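Protein chains: 2
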Amino acid sequence: MAETPIRFGILGCAEIARKVSRAITLSANASVYAIGSRSIEKARSYAESNGFPPSTKIYGSYEAVLDDPDVDAVYIPLPTSLHLRWAVLAAEKKKHLLIEKPVALNVSELDTILEACESNGVQFMDGTMWMHHPRTREMEEFLSDARRFGQLKVIQTCFTFAADAKFLQNDIRVKPDLDGLGALGDAGWYCIRATLWAADYQLPKTVTALHGAVTNEAGVVLACGANLVWQDGKVGTFNCSFLSNMTMDITAIGTKGTLQVHDFVIPYRENIASFLTNSEAGFTELVRGWSPLPSEHEVMTHLPQEVCMVKEFSGLVGSIKQGSSKPEKMWPSISRKTQLVLDAVKESIVKGFVPVEVLSCSS
Amino acid sequence: MAETPIRFGILGCAEIARKVSRAITLSANASVYAIGSRSIEKARSYAESNGFPPSTKIYGSYEAVLDDPDVDAVYIPLPTSLHLRWAVLAAEKKKHLLIEKPVALNVSELDTILEACESNGVQFMDGTMWMHHPRTREMEEFLSDARRFGQLKVIQTCFTFAADAKFLQNDIRVKPDLDGLGALGDAGWYCIRATLWAADYQLPKTVTALHGAVTNEAGVVLACGANLVWQDGKVGTFNCSFLSNMTMDITAIGTKGTLQVHDFVIPYRENIASFLTNSEAGFTELVRGWSPLPSEHEVMTHLPQEVCMVKEFSGLVGSIKQGSSKPEKMWPSISRKTQLVLDAVKESIVKGFVPVEVLSCSS
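Protein chains in written order, with full-length UniProt numbering: chain A, 1 to 363; chain S, 1 to 363.
Only chain A is shown next, with the shape it has when bound in the complex (with noise of 0.2 Å):
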C-alpha cells in the first residue's frame, strides 16, 4: 500500500459519487483530492454538501482535474455516452481509473479505453462494489468446492426496481444519448456480472434475449431479460427492470449444491449479509421434508462494500506508484466480459431474440 493515500479526482456531480466519495474517504489508502464539473459552482455546492475535506480542489471541467498533477486516480460516473471520450483522456494523463457501469455503450468503445489504459500502465476497475464485499469471497469458496456445490448448471439472476415517473421521464437510464443500454446497462449489468462470476468468467456460447423486452418511446430497455448457454451445458437465465419492485436474487444450482442470495447488489443491511447455501439435498423418508436443510451464512464486514472497492482500487495503484507491480488484468478482463455479453443481449433484442453468439475476440 501506498504510504501517501491515493489522491481522487471525482469528474461530476452524480448521486452515485455522493456514495462512493463517502467510501474514498473512508478507505485509509484513499482521499478525495479534486472534483470537476462543468459549473465551477455546482462543483463547490456538491463538495460541501457532501462533506468533502475543506482542501478539496473544486474545478469548473473535468479537463482540469485530469491536468492537476497530483491526482493520482479518477472516479468516473458520467453518463456513459461520456466514457469514452473522459476515460481515454484520463488514461492518456496517467489517472487510474474507477468508472462506473456499464463501462462504455459497446464493447469497441471499452477497448478503445482499456488499450488507453494499457498503454499508459493506469489501473481499470469497473464500479460493480459487491464484487469487494468479504460475502462474495465467501459465496465464491462454496461455488468452487468440488464437493459441496459441483459443477454449475442452470442460474437464475434477476435485478428490478420500481422506477418512479420522474425517473421513467427524466433519468440519464432512459435517454438514449446518455445512458442508451437503459435497464440493460444498469441493473442487466448486475445480472450478467453475477452469471459470470458464477461461472467462473467462462463466457457463454449463445445469448438469446428473452422475449418480452420492453422499451420506452426512444427505444431504450426498460426491462429485459436473456438465456446464456455455455459449451459444457449449463444454463443462465436472467430478468432486469424498472418496472417492477426491487428485487436482486441469484439461485446458482451445481451438479452438488445451490447458492442462494436474494440481495446480492446491495445487501439488506451495511454490516452484515448473508446467503444459503445447500448440499446434496434430499428428501426425508416418505417425503416429508428436506434433508439436509440449508444453511445461512452470515458474513461480517466492518466496512461497506464501496470502501472495500475503493481500498482494493486505491492498494492496487499504490502498487503501480512504487513501480513493484503492473495493473491488474482480472478487473479490465471481468468487465470486458461483462460488456460482451451485455452487447449480445443487446444485438439479440434488436434482430428479434434471435441467438448470438459470444465471440472473445480482439483486444
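It cannot be assumed that every hint is accurate.
Stated by the list, open to error - Subject to a maximum C-alpha distance of 35 Å in a straight line, what follows is the list of computed DSBU-like cross-link-like pairs (lysine-lysine):
#1 175(S) x 256(A)
#2 175(S) x 351(A)
#3 205(S) x 166(A)
Rather than coming from a laboratory, the hints here were simulated on the basis of the structure.
Because the structure is a prediction, the values reported are computed rather than measured.
Given chain A, work out where chain S should sit, using these hints.
Chain S only, in chain A's frame:
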C-alpha cells in the same frame, strides 16, 4: 363432508402412493379401501409393508378395483402413458379421480379424460400437493393485494434435483414409453403450475423453450426451461432438471411487491413453512441498505400438505355423493392450463426453440 369416509382404491404400487396412502389414512374424511396391481402378491406385500388397514381389498388387476362398487374414488399414480386408458375407464365406472402429474402425455389425451369425468359426473384433481398447503393461501393473499404486490411483472421459478445413475437408467421418468415428458412433465409441471398460479391462471400468449435443453438418448427431456410472455407484458422463466442439486424457488415480482419461496414443492419441514415478502422496497440514505427489509412469514399446519389435498378432494367427492354439488371445475381447469403450457414448451423444443402460441381452444 360425507359422513362415511371416501373409500379410495389405489391403482398400482408406485413409490409416491406410499406417501398418498398415508395421507388418505390421516385424512378424517377418507380411507384406503382397495389396492390393485397386475400382481396380487405385489399388491398384498405393498399393503402390508405400508400399513394399510387389514380390511383393505387386495386385487390382482386395476380393473378389479374399478369394478368394486364400494370404491368411491381412485388414486392413479401410474406412468403417464397409462393415464388415458385407466382414467377414462375409472370415470366410466363412476370413480372420482385423484391423478398424479403430469396428468396426460398431451392436452388432447387430457381432454378425453376430462370429457369422461364430466359426462360421468366425477371429480377430477391432480396430485399437485403444494396447492393445498395453507402457506399457498397466505401467499395468494399477498399476490392478490394491489397495495402490497400490485400487478405481477416477472416470475422466475425452478425445480431441479440430482437424479442418481440408477434413476437416469431405469426410472419411468426417463423412459419414452412410460413418462415420456421426462423432467418437463415431472419437475417442470410444478414450475409451470407455480407460474400460472402467480398469474392468477391467466394463460401466457407465447411460450419459448430456452436454449440448452438436455435430452437422453431416447429423446426424453432431462433438463429444460422456458420463457413465457403474457398479453399484458408480464414475463416468466423457469428451469427444471434431473441433473442439478435439489432446488425449488419462486421469485414473483410485482409492480409493488416481491414474493420469494425456496421450498414451494415440498416444504423443508412438514408442519411449518415460510416465505418472504417485501413491498415498495427502496434504499436507505446513500444506498447503504434496504428499507423496508423483507418480512418472513411462517405458516403452521397440523396437516401435511398431501393430507390437505386428500381432505379437499374427499370433501368435494362427499358433496357430490350426497347430491349437494357438482364436480368443482377449478381443478380440471388448472390441470388443463398446466398441460397446455407444458405442451407448448415441448413443441418449442421440438421445433428448435421457436415461440409457440398458447391457445386455450377446445374442451
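For which of the previously enumerated hints does the structure constitute a violation, in increasing order of number?
The structure breaks only hint 2.
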